[in-house]
Amino acid sequence: GEDVEQSLFLSVREGDSSVINCTYTDSSSTYLYWYKQEPGAGLQLLTYIFSNMDMKQDQRLTVLLNKKDKHLSLRIADTQTGDSAIYFCAEAFYNRLAFGKGNQVVVIP
Amino acid sequence: GAVVSQHPSRVICKSGTSVKIECRSLDFQATTMFWYRQFPKQSLMLMATSNEGSKATYEQGVEKDKFLINHASLTLSTLTVTSAHPEDSSFYICSAGHPGLAGTDTQYFGPGTRLTVL
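Residue numbers (this note's numbering), protein chains in the order written: chain R, 11 to 119; chain F, 499 to 616.
Isolated chain R, as found in the complex (with noise of 0.2 Å):
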């Protein structure tokens, strides 16, 4: 079965980079996602990578993958206040997803 963790909580200041970690135990996944999540909010799709994939970068986002250890990073650059919010990492599974906990990103202007 699939099993991902995740940190809790992150305090970060305005314009300095974030990375959220998260280590997954199914290798067989095929991809792995990160969802942000506003308060009181649905779950919004940030960025996804392959699995064969080792990093992936989309404008202020870089996800780096290392199957090696299952372990999956997103790092956000120049970190704004409304980047606030719950990062769940997520590994798809046939056509299901396994969440982490999630991680808090707190900015502080």
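The set of hints was computed from the structure by calculation and includes no laboratory data.
One or more of the hints may lead you astray.
Straight-line C-alpha distance at most 30 Å; calculated DSSO-like pairs for lysine-lysine [to be verified]:
(1) 564/F x 80/R
(2) 562/F x 111/R
(3) 518/F x 564/F
Place chain F on chain R using the hints.
Only chain F this time, still in chain R's reference frame:
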């Protein structure tokens, strides 16, 4: 593209009543939709997978007679919480599978429905 809506966004009901929540994919057709439940400060818990034209597949521990799911068309799935009780109060989020990533559906999420049962 890939927009999913939910209605209502917030509902308050009395204990014992039933509540229906709608999930719509607005600009794409979704063969599969998913219903999740989220408790405060926790991750999403998958309740069931809804397939158009067939019965939903429920996760272990989720009562199918309590949470009725209907996927009547390729753009609409409904979740009915029957005989709601205060412990059913939660944030319910749906997602719709959108094809396009080399054969794997990407899930796009609705904005969620906050259910409060008094």
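Structure-based check of all given hints:
For the given pair, residue 564/F sits about 37 Å from residue 80/R by alpha-carbon distance, which is inconsistent with the 30 Å threshold. A C-alpha spacing of about 25 Å is found between residue 562/F and residue 111/R, which places the hinted pair at or below 30 Å, so the restraint holds. Straight-line distance between C-alpha atoms of residue 518/F and residue 564/F comes to about 12 Å, which keeps the hinted pair within the 30 Å bound.
Hint 1 from the earlier list is the only one contradicted by this structure; the remaining hints agree with it.
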